[in-house]
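Required output: the full structure, derived from the provided sequences and hints.
For the protein sequence lines, the chains are A and B, in the order given.
Counting the first sequence from 1 gives a position; this note's numbering is that position plus 39.
Counting the second sequence from 1 gives a position; this note's numbering is that position plus 9.
Don't take each hint at face value.
[What the hints assert, rightly or not] With the C-beta cut set under 8 Å, the calculated list includes, among others, these residues of chain B facing chain A:
#1 185
#2 187
#3 195
#4 196
#5 199
#6 200
#7 207
#8 219
#9 230
#10 245
#11 249
[As the list claims (entries may be wrong)] Sample of chain A residues lacking proximity to chain B, with all beta carbon distances greater than 10 Å (derived):
#12 50
#13 77
#14 114
#15 172
#16 174
#17 179
#18 183
#19 198
#20 202
#21 226
#22 229
#23 232
#24 249
#25 254
[As the list claims (entries may be wrong)] Straight-line distance between alpha carbons at most 20 Å, and here's what the computed EDC-like set of lysine to aspartate or glutamate pairs gives:
#26 107(B) - 176(A)
#27 107(B) - 73(B)
#28 107(B) - 123(A)
#29 266(A) - 176(A)
#30 259(A) - 151(A)
#31 107(B) - 229(A)
#32 107(B) - 190(B)
Keep in mind the hints are simulated off the structure, nothing from the lab.
Ideal Cβ placement from N, Cα and C applies to all residues, glycine included.
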Amino acid sequence: MERTPKALKVLTWLTSAVFIVALYLVLIWAPQEAIMGDVQRVFYFHVAAGWVGALAFLVTAIVGGIYLARGEQRWDRIAVASVEIGVVFTFINIVTGSIWARPIWNTWWTWDPRLVTATIMLLIYIAYIMLRQGIEDPDRRARFGAVYGIVGFISVPITFASIRIFRTIHPVVVGSSDPTALGAFDMNAEMRVAFFFSLFTFTLIYITLLWYRLRLQQQKEKIEERKLTALSS
Amino acid sequence: MPPTTDLVVQKIETRADGSLRAYLRSIAAIVWKDLAAEFRSRELIGAMLVFSALVILIFNFALELDIRTREAVTSGVLWVTFAFAGTLGLNRSMAIEKDRGCLDGLLLAPVDRNAIFFGKAIGNLFFMLIVEAIILPMYSVLYNVNLFQPGLILVILLGSIGYTAVGTLLASMAVQARTRDVLLPILLFPVLIPLLLAAVKASNGFLMGFEMAEIMPWINVMIAYDVIFIAVAFMVFDFIVEE
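And the structure:
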């Protein structure tokens, strides 16, 4: 069993420290929003989790393409690790959104375009995981995973565009704000700091988790190999 | 000349010149093979039709399709029926290839792999259109609505093209997995949502007699979907059948 590499250890500690700072910034340091009150603080981690979900699926689609072009197993390991993390963070994104929506929109859930696309994205990548579970041959599993990762990733922006023909009530805080949105607000300088720091923190968490997940995968494969050699000798 | 030797001759010719005409001819050969097999066994279309009729019947009871609710939900009922019946057909059409080792035979043939994809997809499109061509008049008679409007036919055509393009691609993955029959709808439906959504909205627009300006965005979504996914399927199909 090889030891955890030093760089990973450092990264883990760094991520933990940064996360504590982020918690402080989000929960205590950032000013209370005038209308929504403390529940607005959900926003920082909500967007950060959504960002990590999208980033993870983008990574899956890209490494899927590289895998198809080169056929090297290590790209596939990144793809599957990234999907698993992305699914968890998209789920966090939806749950935190629900918690925020309950007091602000007065409902846990509404069939708003933004919510629907997030859910479809989650379903696509759950299907991705189920597809991989159904195939034993590692080479074929990797190829199919890459193909579905690409197909799924393309369908998300199309879904997003197609339901954008409706109006959305989901607030757009970064960039232009839709006047029909419910619960929109303008960030002041301190909120902006907390917001970008959360994004940074969650990106670090993503990288750390990805690294651990890759190591887990490598060790799994090693055990598999040793089992085979032990059985054949 | 018997049909089998005809096919062999065709394939040898494809290898010889490899031109666009030969490519199209190998697609036609695969489509013809599927249609001929279907017209002899009649197992696919029959099953799809009976299933579609059952789905419509279930909707009839579940939604109480009386005269008032009917107008608003007709396009939804139609598209759910097509989508469900379609998975039946897709599963079957790829399972036949896989189980009897025909896919390996096709792969051995000296034709472009993409020609196999387009051949299967066009074959599936034919089956789907045949089923739709029978379901539409049936629904019209049963519920006394006129579904034969050129706009609606166009929407059904666009929807079926996108459906079979993505469906054939994903079905050829699903048949190679352990849990294949269960897997196909799970893989297919989330990817299909933009297409189905646009199809339902556009059909509804035509049935309710909306302005073209309101319907056009949905038609554009469908065209974009069809083009993008046919292109993607064209690029990735090689990796799915590669052994």
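Now for the hints, and whether the structure bears them out:
no. : hint            : in the structure
1   : 185             : 7 Å, holds
2   : 187             : 5 Å, holds
3   : 195             : 5 Å, holds
4   : 196             : 5 Å, holds
5   : 199             : 4 Å, holds
6   : 200             : 5 Å, holds
7   : 207             : 6 Å, holds
8   : 219             : 13 Å, violated
9   : 230             : 5 Å, holds
10  : 245             : 5 Å, holds
11  : 249             : 6 Å, holds
12  : 50              : 34 Å, holds
13  : 77              : 35 Å, holds
14  : 114             : 13 Å, holds
15  : 172             : 8 Å, violated
16  : 174             : 5 Å, violated
17  : 179             : 7 Å, violated
18  : 183             : 5 Å, violated
19  : 198             : 4 Å, violated
20  : 202             : 7 Å, violated
21  : 226             : 32 Å, holds
22  : 229             : 39 Å, holds
23  : 232             : 37 Å, holds
24  : 249             : 24 Å, holds
25  : 254             : 27 Å, holds
26  : 107(B) - 176(A) : 16 Å, holds
27  : 107(B) - 73(B)  : 41 Å, violated
28  : 107(B) - 123(A) : 30 Å, violated
29  : 266(A) - 176(A) : 17 Å, holds
30  : 259(A) - 151(A) : 41 Å, violated
31  : 107(B) - 229(A) : 61 Å, violated
32  : 107(B) - 190(B) : 13 Å, holds
Consistency with the previously given hints fails for numbers 8, 15, 16, 17, 18, 19, 20, 27, 28, 30 and 31, ordered from lowest to highest.
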